[in-house]
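J.: Chains as they are written, first to last, in this note's numbering: chain R, 1 to 420; chain D, 1 to 424.
Since the hints were derived computationally from the structure, they do not count as laboratory data. Be a bit skeptical, because a hint or two may be false.
[Claimed, not checked] Listed next, the in silico DSBU-like pairs over lysine-lysine satisfying Cα-Cα at most 30 Å (straight line):
id	chain 1	residue 1	chain 2	residue 2
1	D	98	R	177
2	R	238	R	204
3	D	403	R	298
4	D	380	R	298
5	R	210	R	193
6	D	159	D	193
7	D	159	D	363
8	D	363	D	46
9	D	98	R	298
10	R	210	R	237
11	R	177	R	298
Chain residues, written in single-letter form:
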Amino acid sequence: MRMGMAGLLLLSLGSVAAAQDVALKGGTVLTITRGIVDNGTVLIQKGKITAVGKDVVIPAGVPVIDVTGRFIMPGLIDSHTHIAMDMSDINEATDPVTPQIWMKDIVVSDHDTIRTTLAGGVTTVKTMHGSANVIGGVNVVLKLKYGRLPEELIVSDGRPQLKMALGENPKRLHGDKGRSPSTRGGTAWVARKAFSEAREYKAKWDEYEKARASGKKEVKPPARDLRWETLKRVLEKKMTIDCHIYRADEIEWFLAFCREFDIVPMQISHCVDGYKVADLLARSGVTFGGWSDWWGFKEEAYDGNPFGFSILDEAGVNIAINSDSADEGRYLFLNAAKVQKYNDLSDDAVLRMITINPAKSLELDQRIGSLEVGKDGDVAVFDRHPLDSTCKCIMTIIEGEVFFDLAREGVSAPAQGGRQ
Amino acid sequence: MKTAAAILLVLSAVPVFTQEAILIRNGTIVPVVGAPIPGGDLLIEKGKISAIGTGLAAPAAAMVLDASGQYVYPGMVAPLTALGLINPPGSDSDINEKGLSVPQIDPYDALNPEDDSIEVARIDGVTTALTAAGTGSLINGKAVVIHLDGNLATEMILKRNVLLVFNTTARQANSYPSTLPGVLQFLREKLSKAREYGAKGESGKNRERDAEMEALQPVLNRKMPVLFQCGDEVSIRLALTLINEFSLRGIIASASADVLKYAEALAQKGIPVIWSGTTALPRRWEAVDLNYHVAAVLAEKGVLFCFNESRGQGSRGVRRQPVPAAISVAYGLSEEEALRALTINPARILGIDHLVGSLEKGKTADVVVCSKPLLQLSAKIRAVIIRGRLIPLTSIQTRLRDKYLMIVRERLRRRESQGLDSRR
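Model the full structure from these sequences, guided by the hints.
T.: Structure, rendered in structure tokens:
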């Protein structure tokens with residue numbers, strides 16, 4: 001655990017060093033939070049947005065990218081993916097309780113999924129432990145700085161999120177091996193047992209810290225347990241939870257469980273039945289993380305429903321469209337358009353689902369998710385409006401640096417040998 | 001369109017029937033063969049399209065749908081699905097019968113009109129689909145083309161015995177054939193044996209009936225095409241080898257950009273392609289947008305192709321058909337060609353283009369009315385007509401929405417009436 005903390009400190013230093021200057025001039029700017037600026041300019045200096053507007057004075061020496069006729073929006077955010085690591089490493093499925101696993105330890109910063117996801121205008125993702133375990137590992141938030149050192153990708157200023165999973169996956173994967181959980185009841189027990197033990201662990205450490213603070217030198221520290229060390233942080237609300245749940249009954253159970261242990265549910269992922277309990281989601285403040293139109297690929301996914309977004313919206317839920325896969329992560333904007341097919345929701349409402357809403361779910365909405373002065377210079381450039389389904393992403397910029405340029409990397413680019 | 005919406009609401013409560021006549025008035029008619037007709041009318045009588053033009057008069061009994069500001073298309077044709085065989089979860093699906101070679105299996109025998117996936121696909125504009133018995137084995141069963149409407153299997157059938165599905169990637173895990181050359185040998189031996197079997201029959205000699213060998217005869221005498229489920233380059237080459245050796249009427253289905261390596265040969269030999277790779281991830285060494293361009297290149301080279309976005313035959317994602325079409329347009333395919341690749345092209349590939357796939361006088365009245373061009377994924381489907389019947393725009397999903405919208409609103413209301421903040 002100490003190692004982990006030291007690592008995190010180093011990483012934030014790394015990301016500051018990569019900052020750069022650039023101005024995008026002449027495009028339609030979709031700020032997300034502050035309306036649309038026609039023929040506008042976004043100025044980025046030292047990696048941060050320093051101006052957004054019509055009459056922005058671009059300081060001498062700042063490189064200018066002419067985006068006349070193009071559409072500029074904040075870099076897209078995906079609050080549930082498994083990219084940037086080997087798929088064989090995302091599930092430590094040997095035990096249903098593995099909070100000692102940290103996804104930041106296995107980031108592959110030149111993984112091909114980063115290259116392909118960047119090409120869809122995505123700049124920030126939360127890459128997650130899989131759903132094999134009731135309590136999986138700690139997820140990691142990445143800026144998709146393809147090819148840089150892993151520590152330059154890792155974002156460490158939101159609270160980390162612990163992955164949990166209920167429903168079919170943990171009970172099948174562990175139940176088939178003849179151990180708990182093999183039922184939903186077993187899953188509830190496994191979760192409760194783990195957090196109860198962690199609570200006792202925390203109490204011992206609290207007692208020890210208190211004794212130390214009061215000057216007692218002879219007290220011996222309790223034994224370290226890296227599993228309970230993570231859950232202790234959850235109990236201290238220094239870490240939150242992203243739980244994989246399909247069914248409405250389990251959503252209700254999980255929210256009650258979080259109240260029972262006074263822990264923070266930040267996102268419910270694969271939230272297929274979320275629309276059935278939209279009021280509960282809204283009241284708890286948890287983010288809905290889900291897909292636009294997946295359904296029926298297994299029993300607990302059978303009620304997946306693209307028409308459910310309007311219920312979630314009406315109840316006031318923070319909605320994030322997730323990819324959960326390397327391929328869908330390349331066209332989150334098409335999934336936003338699809339949500340409009342099934343629901344009477346505004347352009348603004350659905351674009352938020354792939355920008356500021358997932359930013360909130362990452363607790364990074366002060367830093368990313370919209371084009372505002374002071375925020376990170378993370379920008380996606382489209383040739384048409386991103387909700388026009390015949391648009392394409394032509395450039396992706398992270399903290400002022402171009403990380404994807406279709407003109408350089410597309411099939412037609414000279415470096416690619418021209419179109420076949 | 002307000003009229004139409006009102007009529008639709010009434011319709012969802014009445015039993016199945018076919019309207020005598022429907023006049024769709026004043027929409028942008030996109031026949032997909034020939035130019036769009038702005039402000040056009042389309043008349044449907046007795047299940048067929050009886051007139052397309054402007055200023056058509058409504059027959060006395062006709063229901064009139066005002067399509068002002070809307071777009072009117074032929075229903076989409078999904079070229080490779082398992083609609084009607086995908087059972088609800090908890091029961092096993094009826095896809096992929098066991099055995100390396102099962103050409104005698106006919107999906108007609110298991111077709112389930114109650115499959116929820118059918119309604120879900122049709123209210124998004126898919127009106128016709130090929131349902132294949134399987135794609136996972138070396139020699140799979142037959143396929144049927146169905147209308148996505150009907151309460152009995154017999155009512156759904158448009159055509160039976162449409163094709164056989166071979167799979168040139170079906171290496172076996174621990175038994176023969178476990179390599180691609182083995183796959184080729186296996187298929188070659190089966191076809192050779194079937195040819196001998198057929199020759200015996202022709203010479204009039206007494207023979208013991210063999211269902212498997214019988215089922216292979218129509219592909220050897222070119223009465224039925226073979227759909228080759230392929231993957232990368234080598235498996236495509238194996239398919240072309242067999243098509244050539246046995247003079248088969250072949251169709252190539254693939255999600256690999258390697259089809260481009262054979263585009264000229266495919267165009268020249270008239271071998272069509274069912275392309276399902278637009279949204280597949282590129283390989284590590286390929287340009288990020290390579291797969292997005294494949295459809296445009298196929299069109300450019302003159303290959304007859306259609307889209308298939310089913311993502312695995314048992315997938316319930318048939319409604320996603322427009323997704324690859326929209327992406328392909330962004331990367332160079334013309335909108336006209338993209339629309340054809342969702343409608344008339346799959347109909348041609350399946351040999352049903354004289355019946356469905358375009359808006360033409362005399363064709364089956366399979367019509368979709370949208371709020372925006374179909375290639376806009378935000379386009380709302382305003383009306384779906386199959387064989388002249390106005391389809392209720394309902395599915396398991398609209399029913400769940402209606403149910404839970406009431407339940408959630410009721411809970412919110414209750415909380416408010418208790419003086420509690422409904423949102424906290």
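J.: Now tell me if each hint is right for this structure.
T.: Hints versus structure:
no.	hint	verdict
1	D:98 x R:177	holds (27 Å)
2	R:238 x R:204	holds (18 Å)
3	D:403 x R:298	holds (22 Å)
4	D:380 x R:298	holds (27 Å)
5	R:210 x R:193	holds (26 Å)
6	D:159 x D:193	holds (28 Å)
7	D:159 x D:363	holds (15 Å)
8	D:363 x D:46	holds (11 Å)
9	D:98 x R:298	holds (21 Å)
10	R:210 x R:237	holds (19 Å)
11	R:177 x R:298	holds (20 Å)
Violation of the numbered hints given earlier is absent; every hint is satisfied by the structure.
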